[in-house]
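One-letter residues, chain by chain:
2 protein chains.
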Amino acid sequence: MNEVNRQWLLNSRPSGMVSEAHFKYLETDVPEPILADGEYLVRNLYLSFEPAMRGWMDDEPSYLPPVELGQVMRSTAVAQIVRSENPDFPEGQLVQGMFGWQDYALGSGRDDMFPANLIPEGVPPTLPLTIMGGTSLTAYFGLLHIGKPTPGETVLVSGAAGATGSVAAQIAKLKGCRVIGIAGGPTKCQWLLDELKLDHVIDYKNEEIGDRLSALCPEGINVFFDNVGGRTLEAGIDHIAQFGRIVLCGAISEYNNASPAPGPNNLMNLVKFSVRMEGFIMINYMDKIDQAFADLGQWLADGKLKWKEDIQQGFDHIPATFLRLFNGANEGKQLLKLADPR
Amino acid sequence: MNEVNRQWLLNSRPSGMVSEAHFKYLETDVPEPILADGEYLVRNLYLSFEPAMRGWMDDEPSYLPPVELGQVMRSTAVAQIVRSENPDFPEGQLVQGMFGWQDYALGSGRDDMFPANLIPEGVPPTLPLTIMGGTSLTAYFGLLHIGKPTPGETVLVSGAAGATGSVAAQIAKLKGCRVIGIAGGPTKCQWLLDELKLDHVIDYKNEEIGDRLSALCPEGINVFFDNVGGRTLEAGIDHIAQFGRIVLCGAISEYNNASPAPGPNNLMNLVKFSVRMEGFIMINYMDKIDQAFADLGQWLADGKLKWKEDIQQGFDHIPATFLRLFNGANEGKQLLKLADPR
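Chains as they are written, first to last, in my numbering: chain P, 375 to 716; chain A, 375 to 716.
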């Protein structure tokens, strides 16, 4: 093995919108010497991109430590094991893990928060990054364990054409709810109506969210699964029903603010209408993951879940691909392909 | 009975700070003719004042309909029954109900949301408006059923010297928590330390809440019982711990804003740290009221609950007494005495 290990490092912390200039390209040696006991070497095949990665670039306390300057940018990936001193991770196997923006990464088999998972034979390599991956689990746990929708309730999903939102919206439909999706542009909105069979869509680029919610939700919103934050969150709170639940999954409209933007001015609605607003991260629910995979797998087998993969190409294109999340260019789950399995 | 019935009516809706000019004094006849079957006539003895009454003056949807212009201002009171065509409400008995800012009121025995309650013989007439009343129940349900503190956790209470906050803080102490109270001015803060035995106090009029929380809560706040909203809420969210709970009881800093003020700019902390923020009103928990009264009564009998009554006098002084809630003049539960029982 005499290739180089290409890497994208975090080079500076953004104040405001992230750009390619915040990352630095580097070529290093592939970790070549004899592996320590338990270690294994992987070659990345697909990188996964999520909005939450923007938060990892900030030097602020959060559920994960910040990526240090000069470190390889943290990222989930599907990889193939190419060397191993760990019998649980044999050579040739596909594995999902937090392998970062690089060609090759070392795994130890003992990552606590994000243990690497072997991918069973025959499973398409992108599946653990898309419909059977973290974004779907996030939608599943957030909607069912925090939102707790009941049949006939009205569920609003923002970022509804995104990887998480589209799954949350579909699970809400499977649970017998009336589902309204917010997305940007006619292509995404049409997909939500035609393929995901949502009841209504709001195109935030061409419609006033508040006006549409007034028309669509005279009885109020029972569950709001919010990926967007900011004005979108405020509009949802304006129309929340008594005993409504607001699932705070993320706030993509806020991640690139140079300074914190004012929050929703209508939190008194939470008091007036006895509303619960709750944030979460997927790993809180690891004890329930078997049931989640069982449900998702069943729905998948029954053809009841649809998704889109937006697969970019080229190592050089990694930072630019990340930026697609924040300008809304991605059509479905954002991935980048680095290599085919050998 | 040839007295007049003095009344204070809602005369105009405030835009911004409420003032005496928003109310109008009127003298009418005492409801004198033969009562309809089931009705009873009461004479008010004590009026109760709560910040939530400010919300009832706005023409906005809420958990109760707005007070109409020209109507008697809505208010809880303790009264004495002076005529009755209802065997359940005999003459001479003391009764608590939503009798409004007037000398005399008719009760029907069938108010749905706030049924009038007879006050048992021997109970001091102010007790159902103070420590054994709605403000204590609000503290009890909010802290225990939403905040759910466990022994050793850090509980922050804003408006801690108020009628609700002081009870929430004491219940948190009874549950084995470390309790920090926020109040305005040295007198209130000293009472919280000396009488209520809180662990720490923050005088928001003379100290920077955020700086004090940084010093007092390096591990974060587990439960924040918030009566204040605005910047106080934002400061609490800045220091919320993982899996923290924020009990939204009210937002007294916001009630008199002419236009909605920007909300907390740090709601992403709810996502990062998996925080639940939940609003409520006391009447959601009516099915648990027997247990609540049993617990409060036991603590009261054991001398474990302390409270202050701020009893103003004079019918003319009713609107001015209401304003005391919003300039922080009240020392404890705000009441106004109209008459002694006969």
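Hints may be right or wrong, so weigh each one.
As the list makes no split between identical chains, a pair holds if one copy fits it or if it spans any two.
[Claimed, not checked] Derived SDA-like pairs (lysine to any residue); straight-line CA-CA distance at most 25 Å: (1) Lys680 / Pro525; (2) Lys571 / Gln454; (3) Lys547 / Asn630; (4) Lys711 / Gly526; (5) Lys711 / Pro435; (6) Lys662 / Arg650.
Simulated from the structure, these hints should not be mistaken for lab results.
Quick rundown of the hints versus the structure:
no.: 1; hint: Lys680 / Pro525; verdict: within (21 Å within a copy, 46 Å between copies)
no.: 2; hint: Lys571 / Gln454; verdict: neither (37 Å within a copy, 61 Å between copies)
no.: 3; hint: Lys547 / Asn630; verdict: neither (32 Å within a copy, 41 Å between copies)
no.: 4; hint: Lys711 / Gly526; verdict: neither (41 Å within a copy, 50 Å between copies)
no.: 5; hint: Lys711 / Pro435; verdict: neither (31 Å within a copy, 52 Å between copies)
no.: 6; hint: Lys662 / Arg650; verdict: both (22 Å within a copy, 19 Å between copies)
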